[in-house]
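Q: If you want the building blocks of each chain, they are given just below.
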Amino acid sequence: METFKLTVNGQVKEVTADPGTPLLWVLREDLKMTGTKYGCGIAACGACTVHLGGVPTRSCVVPVALVRNRPILTIEAMADDPVGRVVQDVWVSEDVVQCGYCQSGQIMSAVALLKSTPKPTDKDIEESMGGNLCRCGTYVRIRQAIKTSARQLG
Amino acid sequence: MSTATTSHPPSVSRRTFLRVSSAAAGGLLVSLYLDWPTIAQQPATPKVYPPDAFVHVRPDGKIVVQVNRLEFGQGVQTALPMLLADEMDADWLQVIAELAPAGDVYRDPVYGIQMVGGSGSIAHSFEQYRQLGARTRAMLIAAAAAQWKVTPTQCRAESSVVYGPNGQSARYAELAEAAAHLPVPENIQLKKESDLRLTNKEVRRLDSGAKCNGSQKFGLDVDLPGMKVALVAHPPVFGAKVKGFDANAARAISGVQEVFEIPLVRGTGVAIVADRFWAAKQARDRLRAEWDTASVERPDTAQLFAKYRELARTPGNVAVSRANANAMDSISPANRILAEYEFPYLAHTPMEPLNTTVRFDGDRAEVWGGSQFQTVDRMAIAEVLGLKPEQVTFHTEMAGGGFGRRATPDSHVQREAATVAKRLRGIPVKLIWTREDDVQGGYYRPMHVHRVEVGIGGDGMPAAWRHVIVGQSILAGTPFAPMMVKNGVDSTAVEGTADTKYNIPNFHISAHHPAINVPVLWWRSVGHTHNAFVMETLIDELARRAKADPIAYRLKLLSPDAKKLRNCLALLQGKTASWRSLPRNHAVGIACHESFETGVACAVEVSIEDKRPRIHRATITVDPGFAVNPLTIASQMQGGVTFGITQVMSRGAITLKDGRVEQRNWDGYTPPYMKDAPVIAQVHIVPSSEKPSGCGEPPVPVISPAVVNALSRLTGKRYRTLPLTEI
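Note that the protein sequences, when read in sequence, are chains X and W.
Per this note's numbering, residue 1087 is the first one in the first sequence, and the count goes up by one each step.
Per this note's numbering, residue 36 is the first one in the second sequence, and the count goes up by one each step.
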């Protein structure tokens, strides 16, 4: 067990964990931030997506020891993020979610896309969102909500 | 109306029976009864549901509605409160929906147990929630009328306020206490359709906000003081038992508390209890267990298909035999089609891995879990713990999808959790199935072989149809079997074929149900998944052979009473009229199917990109009777067709070799991602005032036949084996 200092949503947190513990489980079990979801553990579904140093990252395969000083942003911080806020509001107004379990990850991927590519094409959307699985099949509305968000962020 | 749970009927305390009967549309009718002698005294459906078990008007004006079934994406947590709030004249912005715990009063009015299944939520609770709302409103008005010394008919209600004849007004929150002491009226008048303000309108989901900001708690997010996490090492072959295990390396992991053998519904396993998930996972990876796989059947997909193909050559138990079963013999071979279809096992893989949290306190227990079968799961946990069901408090947690996987008649996950909790006594334990457990753990949509011979008449329409279906029975060995398996035919295996809406004069359907050592389960739309594929691809083939328009051909072949499908096809015809000029190498595929009393038709525009079907757009028409929430219905159609695409994914199959499942996770068993789904999916609802029917399952069956019908037009090939590994 080792102690790590993590910057999560702008706050410095100290956790003691096995260095190999994926960031996902540190967030969920040590920091009690359960908005980030476990879906597969092998970076195949994107439910655990966070921004690590600004880059959308599957937290289920990143050992906590490798995070180092890179800031971590999770779904819990999106209401205070100018792009995140818009995306969340559009997600609600377009009734995107169904079971909702994958949507934290979907929103984290969508926010990262809109930050790097403010006017995404269908191809950009498919590439950036391509690793986020939704078993309810909300893809049609996710695609539309990203386009609406891009317009609103203008 | 001040407390939420006062007047429940007596709980089930003695031995219980599940009784099942066939519903008109092939759905399930289940009733949970006490001992047979008490059946007459305990009707499954109370005549008047007690409003105080469903509605709580809080002093702050919030109206808390208990939803009597699981929410796992289908939108019932919004739709049922809509129905209630509409009749109650409640202020919708003040409505809070909660998932009710397990309780007799929350049993499905038709099934008789607390459950979600058969796309029955709205169909079964439509009247119930409307009546609850109307009764609550009547009681609030009566309370106001008494206070103002006027008659209730002189008062009216709007947006959580009662108005009197002389300018009086009172908020529901002010009246709630007095109303709670009034008798529940038996006779109430429901609103006319034209007076509805929420129902039949596009109302957004109540749970979106929490699901978009990370605050929504699912079963897997349950966190209790002192809670432990448990994983189980399951046998590598279904039903195998532990011969021995070396847990030294597992116990050496920091945070691991206990490693011990436990009985499972099938075979035995080794449970690992730890402080944290990751410790439990590492310990399980390091556990060295030996299994007795020699004494259990070790199924093998290739061998099973060979066996199934052989079985399909002879008729099975007869599901339906209409007119002359031998009419085929008088049709010349040139006018016959012989088609053999193969379908693999399919896993549900809901996004939220299966889990249940249990704390056992000796004389009672508390459970937290997302369950489609609260009544059944609660009974199973009680049985494991040696308690009565009413000693088990069962909290229904929001679930991240399910698609049938959270409705297991044997409650195997809940039994595992209870078994571990029993040993940990006093300590809450969250039992988690990892994604690997889920993919490899069975309870699949059964694999099937269909063998169909179609004789074509002089008019190009099918004159004779001989059809053999081979696949495991889902219902055999469950409490549902006595009523749902008739003449040796599991009705869920032949639904969508035996009861087809197509008018085929000489028609013979039979089924074989081999017993195989692979647990099987209903997978969103159940038998319709494979039966609709067979029917809709063959009908399309017949239409092409007859050089007929695929919609016109279907309309001609449908029986006159297939009103819902006729409505859907007619609407589809209109909505796709502009699809005449397509880009080169694009083609349209059509399919329609009725299931769970809802008709759905679908047109897709498809091309081939990177050797895979690319679905540029889908137009879906649906006749669900009266549309309670058109916004949710559209979501279910869009999502349901995407779920159905699982069937045609190149890695959309669970296979076994020497008894072991060959896929481990979503890398080997790969459901549709965004690029596999329709780019655009437009939904059109047939206007209707008929009683509402379900929308969760009916979109699933149509999409895979529609897609391959389009592919057939592009390549000239027929696709009869799923998954679609090659095009």
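Hints may contain errors.
What the hints assert, rightly or not - Capping the alpha-carbon separation at 35 Å, the derived lysine-lysine pairs in DSBU-like fashion look like this:
{"id": "1", "chain 1": "W", "residue 1": "Lys692", "chain 2": "X", "residue 2": "Lys1118"}
{"id": "2", "chain 1": "W", "residue 1": "Lys252", "chain 2": "X", "residue 2": "Lys1091"}
{"id": "3", "chain 1": "X", "residue 1": "Lys1201", "chain 2": "W", "residue 2": "Lys252"}
{"id": "4", "chain 1": "W", "residue 1": "Lys252", "chain 2": "X", "residue 2": "Lys1209"}
{"id": "5", "chain 1": "X", "residue 1": "Lys1233", "chain 2": "W", "residue 2": "Lys236"}
{"id": "6", "chain 1": "W", "residue 1": "Lys97", "chain 2": "X", "residue 2": "Lys1201"}
{"id": "7", "chain 1": "W", "residue 1": "Lys252", "chain 2": "X", "residue 2": "Lys1099"}
{"id": "8", "chain 1": "W", "residue 1": "Lys598", "chain 2": "W", "residue 2": "Lys536"}
{"id": "9", "chain 1": "W", "residue 1": "Lys184", "chain 2": "W", "residue 2": "Lys227"}
{"id": "10", "chain 1": "W", "residue 1": "Lys236", "chain 2": "W", "residue 2": "Lys423"}
{"id": "11", "chain 1": "X", "residue 1": "Lys1118", "chain 2": "W", "residue 2": "Lys457"}
{"id": "12", "chain 1": "W", "residue 1": "Lys710", "chain 2": "X", "residue 2": "Lys1205"}
{"id": "13", "chain 1": "X", "residue 1": "Lys1205", "chain 2": "W", "residue 2": "Lys521"}
{"id": "14", "chain 1": "W", "residue 1": "Lys752", "chain 2": "X", "residue 2": "Lys1209"}
{"id": "15", "chain 1": "X", "residue 1": "Lys1233", "chain 2": "W", "residue 2": "Lys423"}
{"id": "16", "chain 1": "W", "residue 1": "Lys598", "chain 2": "X", "residue 2": "Lys1233"}
{"id": "17", "chain 1": "X", "residue 1": "Lys1209", "chain 2": "W", "residue 2": "Lys342"}
{"id": "18", "chain 1": "W", "residue 1": "Lys610", "chain 2": "W", "residue 2": "Lys227"}
{"id": "19", "chain 1": "W", "residue 1": "Lys423", "chain 2": "X", "residue 2": "Lys1118"}
{"id": "20", "chain 1": "W", "residue 1": "Lys97", "chain 2": "X", "residue 2": "Lys1118"}
{"id": "21", "chain 1": "X", "residue 1": "Lys1209", "chain 2": "W", "residue 2": "Lys184"}
{"id": "22", "chain 1": "W", "residue 1": "Lys236", "chain 2": "W", "residue 2": "Lys226"}
{"id": "23", "chain 1": "W", "residue 1": "Lys610", "chain 2": "X", "residue 2": "Lys1205"}
{"id": "24", "chain 1": "W", "residue 1": "Lys97", "chain 2": "W", "residue 2": "Lys278"}
{"id": "25", "chain 1": "W", "residue 1": "Lys646", "chain 2": "X", "residue 2": "Lys1205"}
{"id": "26", "chain 1": "X", "residue 1": "Lys1209", "chain 2": "W", "residue 2": "Lys457"}
{"id": "27", "chain 1": "W", "residue 1": "Lys342", "chain 2": "W", "residue 2": "Lys97"}
{"id": "28", "chain 1": "X", "residue 1": "Lys1118", "chain 2": "W", "residue 2": "Lys710"}
{"id": "29", "chain 1": "X", "residue 1": "Lys1233", "chain 2": "W", "residue 2": "Lys610"}
{"id": "30", "chain 1": "W", "residue 1": "Lys82", "chain 2": "W", "residue 2": "Lys457"}
{"id": "31", "chain 1": "W", "residue 1": "Lys710", "chain 2": "W", "residue 2": "Lys582"}
{"id": "32", "chain 1": "W", "residue 1": "Lys536", "chain 2": "W", "residue 2": "Lys582"}
{"id": "33", "chain 1": "W", "residue 1": "Lys752", "chain 2": "X", "residue 2": "Lys1205"}
{"id": "34", "chain 1": "X", "residue 1": "Lys1233", "chain 2": "W", "residue 2": "Lys582"}
{"id": "35", "chain 1": "X", "residue 1": "Lys1201", "chain 2": "W", "residue 2": "Lys423"}
{"id": "36", "chain 1": "W", "residue 1": "Lys342", "chain 2": "W", "residue 2": "Lys726"}
{"id": "37", "chain 1": "X", "residue 1": "Lys1209", "chain 2": "W", "residue 2": "Lys710"}
{"id": "38", "chain 1": "W", "residue 1": "Lys236", "chain 2": "W", "residue 2": "Lys582"}
{"id": "39", "chain 1": "W", "residue 1": "Lys710", "chain 2": "W", "residue 2": "Lys646"}
Derived by calculation from the structure, the hints in this document are not laboratory data.
Q: Confirm or reject each hint.
A: Against the structure, the hints:
no.: 1; hint: W:Lys692 to X:Lys1118; in the structure: 41 Å, violated
no.: 2; hint: W:Lys252 to X:Lys1091; in the structure: 26 Å, holds
no.: 3; hint: X:Lys1201 to W:Lys252; in the structure: 28 Å, holds
no.: 4; hint: W:Lys252 to X:Lys1209; in the structure: 33 Å, holds
no.: 5; hint: X:Lys1233 to W:Lys236; in the structure: 25 Å, holds
no.: 6; hint: W:Lys97 to X:Lys1201; in the structure: 38 Å, violated
no.: 7; hint: W:Lys252 to X:Lys1099; in the structure: 22 Å, holds
no.: 8; hint: W:Lys598 to W:Lys536; in the structure: 10 Å, holds
no.: 9; hint: W:Lys184 to W:Lys227; in the structure: 28 Å, holds
no.: 10; hint: W:Lys236 to W:Lys423; in the structure: 43 Å, violated
no.: 11; hint: X:Lys1118 to W:Lys457; in the structure: 26 Å, holds
no.: 12; hint: W:Lys710 to X:Lys1205; in the structure: 19 Å, holds
no.: 13; hint: X:Lys1205 to W:Lys521; in the structure: 59 Å, violated
no.: 14; hint: W:Lys752 to X:Lys1209; in the structure: 30 Å, holds
no.: 15; hint: X:Lys1233 to W:Lys423; in the structure: 54 Å, violated
no.: 16; hint: W:Lys598 to X:Lys1233; in the structure: 38 Å, violated
no.: 17; hint: X:Lys1209 to W:Lys342; in the structure: 45 Å, violated
no.: 18; hint: W:Lys610 to W:Lys227; in the structure: 31 Å, holds
no.: 19; hint: W:Lys423 to X:Lys1118; in the structure: 34 Å, holds
no.: 20; hint: W:Lys97 to X:Lys1118; in the structure: 29 Å, holds
no.: 21; hint: X:Lys1209 to W:Lys184; in the structure: 68 Å, violated
no.: 22; hint: W:Lys236 to W:Lys226; in the structure: 15 Å, holds
no.: 23; hint: W:Lys610 to X:Lys1205; in the structure: 31 Å, holds
no.: 24; hint: W:Lys97 to W:Lys278; in the structure: 57 Å, violated
no.: 25; hint: W:Lys646 to X:Lys1205; in the structure: 29 Å, holds
no.: 26; hint: X:Lys1209 to W:Lys457; in the structure: 53 Å, violated
no.: 27; hint: W:Lys342 to W:Lys97; in the structure: 61 Å, violated
no.: 28; hint: X:Lys1118 to W:Lys710; in the structure: 34 Å, holds
no.: 29; hint: X:Lys1233 to W:Lys610; in the structure: 24 Å, holds
no.: 30; hint: W:Lys82 to W:Lys457; in the structure: 39 Å, violated
no.: 31; hint: W:Lys710 to W:Lys582; in the structure: 33 Å, holds
no.: 32; hint: W:Lys536 to W:Lys582; in the structure: 22 Å, holds
no.: 33; hint: W:Lys752 to X:Lys1205; in the structure: 40 Å, violated
no.: 34; hint: X:Lys1233 to W:Lys582; in the structure: 41 Å, violated
no.: 35; hint: X:Lys1201 to W:Lys423; in the structure: 56 Å, violated
no.: 36; hint: W:Lys342 to W:Lys726; in the structure: 44 Å, violated
no.: 37; hint: X:Lys1209 to W:Lys710; in the structure: 9 Å, holds
no.: 38; hint: W:Lys236 to W:Lys582; in the structure: 42 Å, violated
no.: 39; hint: W:Lys710 to W:Lys646; in the structure: 13 Å, holds
In this structure, the hints that do not hold are numbers 1, 6, 10, 13, 15, 16, 17, 21, 24, 26, 27, 30, 33, 34, 35, 36 and 38, in rising order.
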